[in-house]
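Engineer: The primary structure of each chain is shown beneath.
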Amino acid sequence: NAGVTQTPKFRVLKTGQSMTLLCAQDMNHEYMYWYRQDPGMGLRLIHYSVGEGTTAKGEVPDGYNVSRLKKQNFLLGLESAAPSQTSVYFCASSPRGGANVLTFGAGSRLTVL
Amino acid sequence: DAKTTQPPSMDCAEGRAANLPCNHSTISGNEYVYWYRQIHSQGPQYIIHGLKNNETNEMASLIITEDRKSSTLILPHATLRDTAVYYCIVRAPGDNFGNEKLTFGTGTRLTIIP
Chain A
519 NAGVTQTPKF RVLKTGQSMT LLCAQDMNHE YMYWYRQDPG MGLRLIHYSV GEGTTAKGEV
579 PDGYNVSRLK KQNFLLGLES AAPSQTSVYF CASSPRGGAN VLTFGAGSRL TVL
Chain B
78 DAKTTQPPSM DCAEGRAANL PCNHSTISGN EYVYWYRQIH SQGPQYIIHG LKNNETNEMA
138 SLIITEDRKS STLILPHATL RDTAVYYCIV RAPGDNFGNE KLTFGTGTRL TIIP
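Protein sequence lines, in the order shown, are assigned to chains A and B. Take 519 as the starting number for the first sequence in our numbering and just add one per residue. Take 78 as the starting number for the second sequence in our numbering and just add one per residue.
Check before you lean on any hint, since a few could be wrong.
The calculated lysine to any residue pairs, modelled on SDA-like cross-linking and capped at a C-alpha distance of 20 Å, are [said to hold, decoys possible]:
1) K527/A with S118/B
2) K527/A with Q122/B
3) K532/A with G595/A
These are computed hints drawn from the structure, not numbers from a lab. Keep in mind the model is a prediction, meaning the values are calculated, not measured.
Model the full structure from these sequences, guided by the hints.
Structural biologist: Structure follows, in structure tokens:
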């Protein structure tokens, strides 16, 4: 099992460019999440999804859009990248109900110049 | 979700037990205590969780006070590979999303000293 896979692992963008981060999980989990991690800030939730076709805002959603067209994939989009979006992005998934333990991906490091 | 308070950093000698405290004085009756850790720049890794009883698994033990306002994660025989940032989170399990933020705080940076 691959678990949670994030693509790409590294990316450098210029201000104003757009890009999409892909998160794929093979555990048949209902819930998926996108976090960002900045130095000294811990992990902050951007958006999450409780099932295919549904998304919801987290703590810091501005400047990002998400889509969950397939249960196994959760896409994070930046329509017009800004330097403030330079960060490490982590995707996670968890099963419905039960202990709701999160499984995280390895992270995607994004730099916006 | 209830807020947690952890010391920013701790050291522990290799081979000793590492005891990481967490305060969660506003925890609700249906909220569990979860512990994760993040080694270097990898994705966080689940360690253990519990409601009111003490829990133990192959990685660690979790001790929750009777009033549930604080807990301690115990790594019984710390190794250099346990050097990481440890996060304590409290939240309700299952489908209870509501307005929860699922935010990980800044955690405790544990350094294992050879």
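Engineer: Any hints from earlier that this structure breaks? Give me their numbers in increasing order, please.
Structural biologist: none
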